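Sequence lines, in order, name chains A and B. The working numbering numbers the first residue of the first sequence as 2 and each following residue consecutively. The working numbering numbers the first residue of the second sequence as 2 and each following residue consecutively.
Incorrect hints may have been included.
One copy or any two copies: either way a pair holds, since identical chains are not told apart in the list.
As the list claims (entries may be wrong) - Heads up, simulated DSS-like pairs for lysine-lysine below, C-alpha to C-alpha not over 30 Å straight-line:
(1) Lys415 <-> Lys456
(2) Lys234 <-> Lys162
(3) Lys363 <-> Lys60
(4) Lys398 <-> Lys233
(5) Lys233 <-> Lys162
(6) Lys194 <-> Lys79
(7) Lys234 <-> Lys429
(8) Lys193 <-> Lys385
(9) Lys456 <-> Lys101
(10) Lys47 <-> Lys101
(11) Lys234 <-> Lys363
(12) Lys456 <-> Lys409
(13) Lys411 <-> Lys456
(14) Lys193 <-> Lys292
To be clear, the hints were calculated from the coordinates, so they are not data collected in a lab. Quick caveat: nothing in here was measured; it's all calculated off a predicted structure.
2 protein chains.
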Amino acid sequence: MIVLFALIAINSLFLPINGILFPIEYRLPLEGRVPDPGSPWPLPQKWIKSNETLTLDPKGFRFEANMVSCDVLINGMKRYRDIIFIDQRSVKSTTLPVLKSVYIDVHNINDCGYPEHNNNETYSIDISNNSVAKITSVTVWGALRALETFSQLVYQNDITKETLVNITSIHDFPRFSFRAMHMDTARHFIPKKVILANLDAMAYNKFNVFHWHIIDDQSFPFESHRFPELTKKGAYSPRHVYTQRDVLEIIEYSRMRGIRVIPEIDTPGHTHAMGKAFPELLTPCYGQKGKPYTPDYPHFSSMELINPLKNQSFSFIKELFQEFRNLFKDDFVHLGMDEVFYGCWESNPDISKFMKDNNMTKVSEVEDYYVKRTLENVKDLGYKTMLWQDPVDNGVKLANGSIVVIWKDKRLDKELDLWQNYATKIAKNGQQMVLSACWYLNYISTPYPDQDWEKFYLCDPGHFNGTEEEKKLVIGGEVCIWSEFVDATNILSRLWPRASSTAERLWSNSNDTQDVNTARHRLDQHRCRLLRRGIPAAPILNGYCGDYEWDMNNQEKLIDLGDRVRL
Amino acid sequence: MIVLFALIAINSLFLPINGILFPIEYRLPLEGRVPDPGSPWPLPQKWIKSNETLTLDPKGFRFEANMVSCDVLINGMKRYRDIIFIDQRSVKSTTLPVLKSVYIDVHNINDCGYPEHNNNETYSIDISNNSVAKITSVTVWGALRALETFSQLVYQNDITKETLVNITSIHDFPRFSFRAMHMDTARHFIPKKVILANLDAMAYNKFNVFHWHIIDDQSFPFESHRFPELTKKGAYSPRHVYTQRDVLEIIEYSRMRGIRVIPEIDTPGHTHAMGKAFPELLTPCYGQKGKPYTPDYPHFSSMELINPLKNQSFSFIKELFQEFRNLFKDDFVHLGMDEVFYGCWESNPDISKFMKDNNMTKVSEVEDYYVKRTLENVKDLGYKTMLWQDPVDNGVKLANGSIVVIWKDKRLDKELDLWQNYATKIAKNGQQMVLSACWYLNYISTPYPDQDWEKFYLCDPGHFNGTEEEKKLVIGGEVCIWSEFVDATNILSRLWPRASSTAERLWSNSNDTQDVNTARHRLDQHRCRLLRRGIPAAPILNGYCGDYEWDMNNQEKLIDLGDRVRL
Numbered sequence: 002m003i004v005l006f007a008l009i010a011i012n013s014l015f016l017p018i019n020g021i022l023f024p025i026e027y028r029l030p031l032e033g034r035v036p037d038p039g040s041p042w043p044l045p046q047k048w049i050k051s052n053e054t055l056t057l058d059p060k061g062f063r064f065e066a067n068m069v070s071c072d073v074l075i076n077g078m079k080r081y082r083d084i085i086f087i088d089q090r091s092v093k094s095t096t097l098p099v100l101k102s103v104y105i106d107v108h109n110i111n112d113c114g115y116p117e118h119n120n121n122e123t124y125s126i127d128i129s130n131n132s133v134a135k136i137t138s139v140t141v142w143g144a145l146r147a148l149e150t151f152s153q154l155v156y157q158n159d160i161t162k163e164t165l166v167n168i169t170s171i172h173d174f175p176r177f178s179f180r181a182m183h184m185d186t187a188r189h190f191i192p193k194k195v196i197l198a199n200l201d202a203m204a205y206n207k208f209n210v211f212h213w214h215i216i217d218d219q220s221f222p223f224e225s226h227r228f229p230e231l232t233k234k235g236a237y238s239p240r241h242v243y244t245q246r247d248v249l250e251i252i253e254y255s256r257m258r259g260i261r262v263i264p265e266i267d268t269p270g271h272t273h274a275m276g277k278a279f280p281e282l283l284t285p286c287y288g289q290k291g292k293p294y295t296p297d298y299p300h301f302s303s304m305e306l307i308n309p310l311k312n313q314s315f316s317f318i319k320e321l322f323q324e325f326r327n328l329f330k331d332d333f334v335h336l337g338m339d340e341v342f343y344g345c346w347e348s349n350p351d352i353s354k355f356m357k358d359n360n361m362t363k364v365s366e367v368e369d370y371y372v373k374r375t376l377e378n379v380k381d382l383g384y385k386t387m388l389w390q391d392p393v394d395n396g397v398k399l400a401n402g403s404i405v406v407i408w409k410d411k412r413l414d415k416e417l418d419l420w421q422n423y424a425t426k427i428a429k430n431g432q433q434m435v436l437s438a439c440w441y442l443n444y445i446s447t448p449y450p451d452q453d454w455e456k457f458y459l460c461d462p463g464h465f466n467g468t469e470e471e472k473k474l475v476i477g478g479e480v481c482i483w484s485e486f487v488d489a490t491n492i493l494s495r496l497w498p499r500a501s502s503t504a505e506r507l508w509s510n511s512n513d514t515q516d517v518n519t520a521r522h523r524l525d526q527h528r529c530r531l532l533r534r535g536i537p538a539a540p541i542l543n544g545y546c547g548d549y550e551w552d553m554n555n556q557e558k559l560i561d562l563g564d565r566v567r568l
Numbered sequence: 002m003i004v005l006f007a008l009i010a011i012n013s014l015f016l017p018i019n020g021i022l023f024p025i026e027y028r029l030p031l032e033g034r035v036p037d038p039g040s041p042w043p044l045p046q047k048w049i050k051s052n053e054t055l056t057l058d059p060k061g062f063r064f065e066a067n068m069v070s071c072d073v074l075i076n077g078m079k080r081y082r083d084i085i086f087i088d089q090r091s092v093k094s095t096t097l098p099v100l101k102s103v104y105i106d107v108h109n110i111n112d113c114g115y116p117e118h119n120n121n122e123t124y125s126i127d128i129s130n131n132s133v134a135k136i137t138s139v140t141v142w143g144a145l146r147a148l149e150t151f152s153q154l155v156y157q158n159d160i161t162k163e164t165l166v167n168i169t170s171i172h173d174f175p176r177f178s179f180r181a182m183h184m185d186t187a188r189h190f191i192p193k194k195v196i197l198a199n200l201d202a203m204a205y206n207k208f209n210v211f212h213w214h215i216i217d218d219q220s221f222p223f224e225s226h227r228f229p230e231l232t233k234k235g236a237y238s239p240r241h242v243y244t245q246r247d248v249l250e251i252i253e254y255s256r257m258r259g260i261r262v263i264p265e266i267d268t269p270g271h272t273h274a275m276g277k278a279f280p281e282l283l284t285p286c287y288g289q290k291g292k293p294y295t296p297d298y299p300h301f302s303s304m305e306l307i308n309p310l311k312n313q314s315f316s317f318i319k320e321l322f323q324e325f326r327n328l329f330k331d332d333f334v335h336l337g338m339d340e341v342f343y344g345c346w347e348s349n350p351d352i353s354k355f356m357k358d359n360n361m362t363k364v365s366e367v368e369d370y371y372v373k374r375t376l377e378n379v380k381d382l383g384y385k386t387m388l389w390q391d392p393v394d395n396g397v398k399l400a401n402g403s404i405v406v407i408w409k410d411k412r413l414d415k416e417l418d419l420w421q422n423y424a425t426k427i428a429k430n431g432q433q434m435v436l437s438a439c440w441y442l443n444y445i446s447t448p449y450p451d452q453d454w455e456k457f458y459l460c461d462p463g464h465f466n467g468t469e470e471e472k473k474l475v476i477g478g479e480v481c482i483w484s485e486f487v488d489a490t491n492i493l494s495r496l497w498p499r500a501s502s503t504a505e506r507l508w509s510n511s512n513d514t515q516d517v518n519t520a521r522h523r524l525d526q527h528r529c530r531l532l533r534r535g536i537p538a539a540p541i542l543n544g545y546c547g548d549y550e551w552d553m554n555n556q557e558k559l560i561d562l563g564d565r566v567r568l
């Protein structure tokens, strides 16, 4: 990353955009360079800026494009115009040259469908002395990333409320093509409104995949038309349900932001809620000898795993996948397959007989059988697959190229290995990987939560033992939020800006983003930007964000801290 | 605590009031008894209930009282009527006997001022077959506690929306008279609206003191009329200020809820922001020999402690205390006095000379001098005092009966001692104490934040080595939230319901409240109650709260999870 002419004097005129970070104690001063206003997050690959400033006119400024009939771009242009002028006091400067418009030139002019795996997100921004700036991109998805960056380049003078942007040249593309956020909506129901707000925040951070862990042991909130009993018996209540209309709205909202939605149907474990509708498809556990459906706490409950001995199990799941395939637009589905605790299967005499009949000596072979048969079924539907690393760890060989998500790490549970060692092993199998082990955002450090983002920031998916070829198998990363202890009351402030830290790691050039002391100030500016846009991003240190403090009653508007000060 | 006829069958009719708690995993089932709907938190000292149920009529129900001209009671009656019928779908049962009104009989009928130290909060509630229930109390403050409990006894049938209450007899009083929440509004500015919402939540948990840590190193948001420069130079911005009108509003809001407001002016340390207006009153530190106002990081900054050599320092602070005394109504002020890091004083040649001239051999004697002179000044104003434990630890003898707040504990910082050992030592001096060391709510456990409330719950201010007389020196406790990493985005969900755990420890009989497994379910019900009342109380385990999930856009109204379900 190159910055020319970068040092604009920081003064109080720019407080509201920058935020002001304070150290924990005055005897522990903060290091690192305070960024200029309008410094983008994640950091672009190449960013040349001058200290020559243009102004934007809230009344006249517009986006234009060569791609005139694509709703994604049209909505994007409208959305970002609103964001740029979110402060209704915005005015243009009367002395500076005016940037009248931004022209967006998309190469793949006819491609306006759904964002896909390995979409090209490359873009350039050229803001020169010309009254028209230019964005160029190969795809509309690149144009969305450019709009986001452009909106971050624009800043406001706090006193005069002039909308400003510096002459800037950017060429940018993501380091990793897969930049996901995983959200669990089963342990707690997350209202649609919060999911949508989170999709906004994801777009502000250039995440491009929403990995929707929609169901789990605790509840089944996905409304199935094929099997309506699933929510009737498995949802927390009729209110705690994502209808198919909700799902379609979430998918469309994601599409408008260049975000793929990959749902997860987690089997054979984590199916307790599913089993409420179809208990006959779960394996009876034998906590007491000779008695089916009896628990042996804490090793297993009365039933908790799909019954792999029944053909109905497989046909039921296949039909459910078919329904997902028809509803969700993405080519990928996540199969879960994590945490198959063998206790229940081991206790079941029918499983024992099945193993004997099939010359199996280890329960992992039953898992292998389940995984392979399910993968075949899903493949039949034309679905590509992702899954958690567990089957691979248990020796299951995945023939058809599933992408493996690494979630295990010694720092999460000391009985686990380091994620790096799992990555090395999985790479040897030639499997593509996504790293999530570093980024379990439901975990929060004490006493200094600021250390979290630093830890997240310094975790690099490329840092494991492997050849260059093996490292290329890592296609990206995902932040995870598991919702045992979060719901609408705290999920957004738990996620942001901590997830932003990972966003930069996954997008930006690793060499340019090693200095946490400098990143801290830019992240703080970005945190204030998120606040300004209505995301309740939590503080990362002492300090403040100028006008844009969070107001719990008023987050969609500019924040007014009181009526005593009127500018 | 006695519960008669307590086992009403729990069924799905009562989900919304109770909430439903799920274990982390199905193989780790939850223990403990699920409470009946309408179980109060904190647990009353004596609670006899039957399974005979009455109904309340949203149209006709009213509170009446013998104390007709006290605004505290009148507002309280109105407020609790609104809370009881917060669900606008509420109806009365057509079959059950109707509880028409509650008559409140206050003994001290003329006492309607400000809540004070050691107020009598004893009350009784008698709900019988009579159509009029009765609340009796000595003071209006006891009546407020009774109204809170009564509002918690009332519950709603989820299907029919009938408002119900069981025949119940309660006699209740607090174990500790001092039950405080400490909030730091200097490291981050906490908007007035959030402070008011938090005061509501405090009242729902029978806290009775708001310890307002209003200023600190990072900012000085208190608007002083005597010294307007303090906020002009020391506040984050003109918006980040509590005007005196704000302060009065907060005090009045607190009064209406029986909550005292004790402000803290923390000196001689933590005065960096104060020093922005009056740098000449801070001690010049000598990081470089012979050069005043030079830092020696990380030991000290260029200036960070009040200068005890100047008479103006003392007169300035005395005037500031005078202004607080006139504005805040409580007889107590908190003097801070914590964390006087000696480095700066030690570096200063004038302090060295002062020590020599006065035959002092240790810097703690300078601290002793500062503390005593300040205590005298404050006493002159008629103020009673509290302070953090630090001066006592440093050997300062407090002659005039300040209340000492114990905040130090090995679990916060391994270089500290256990709080119990500090308590033992301070008790030997005959000092009254308030315990906060167990309840630093800005600290949050990972990976299982649910363990926090258990830890908070099981900390008992009486559990230290001392005689019965010495234990009586502990007058209560306070939960602390320091705001390095919290602001309006996350402070309420960080505080609640974790602070509720302490609330019960400080109010209820210790013998009745040792079983965390049973408390967990009741706390979950209480958490759902807080949500229902608009407080974003975070989850304590997997589960849900029926109708009353938090909706970030809509927290003042009943929560509607979507328009697909209408009852």
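Structure-based check of all given hints:
1. For the homomeric pair lysine 415 and lysine 456, the shortest alpha-carbon distances inside one copy (17 Å) and between copies (23 Å) are both at most 30 Å.
2. Proximity of lysine 234 to lysine 162 under the C-alpha cut-off of 30 Å is restricted to the inter-copy arrangement: shortest distance 23 Å between copies versus 55 Å within a copy.
3. Proximity of lysine 363 to lysine 60 under the C-alpha cut-off of 30 Å is found in neither arrangement, the shortest distances being 71 Å within a copy and 68 Å between copies.
4. Taking CA atoms no more than 30 Å apart as the test, lysine 398 paired with lysine 233 passes in neither setting, with 37 Å inside one copy and 68 Å between copies.
5. Taking identical chains as interchangeable, the C-alpha atoms of lysine 233 and lysine 162 lie at most 30 Å apart only when they sit on different chains, with a minimum of 22 Å there against 53 Å within one chain.
6. When the C-alpha separation of lysine 194 and lysine 79 is checked against a cutoff of 30 Å, the pair qualifies only within one copy, where the shortest distance is 20 Å, while the shortest distance between copies is 33 Å.
7. Proximity of lysine 234 and lysine 429 under a CA criterion of 30 Å is satisfied in neither setting, with 43 Å inside one chain copy and 61 Å between copies.
8. Taking the shortest alpha-carbon separations for lysine 193 and lysine 385, only the intra-copy value of 26 Å comes in at or below 30 Å, while the best inter-copy value is 52 Å.
9. For the homomeric pair lysine 456 and lysine 101, neither the shortest alpha-carbon distance inside one copy (42 Å) nor that between copies (60 Å) is at most 30 Å.
10. Taking the closest pair of Cα atoms, lysine 47 and lysine 101 come within 30 Å of each other only inside a single copy of the chain (24 Å); across copies the shortest separation is 73 Å, beyond that limit.
11. For the homomeric pair lysine 234 and lysine 363, neither the shortest alpha-carbon distance inside one copy (34 Å) nor that between copies (72 Å) is at most 30 Å.
12. With identical chains, the CA atoms of lysine 456 and lysine 409 are at most 30 Å apart both within one copy (16 Å) and between copies (28 Å).
13. For a Cα distance limit of 30 Å, the shortest separation of lysine 411 from lysine 456 qualifies both inside one copy, at 14 Å, and across copies, at 25 Å.
14. Taking the shortest alpha-carbon separations for lysine 193 and lysine 292, neither the intra-copy value of 42 Å nor the inter-copy value of 60 Å comes in at or below 30 Å.
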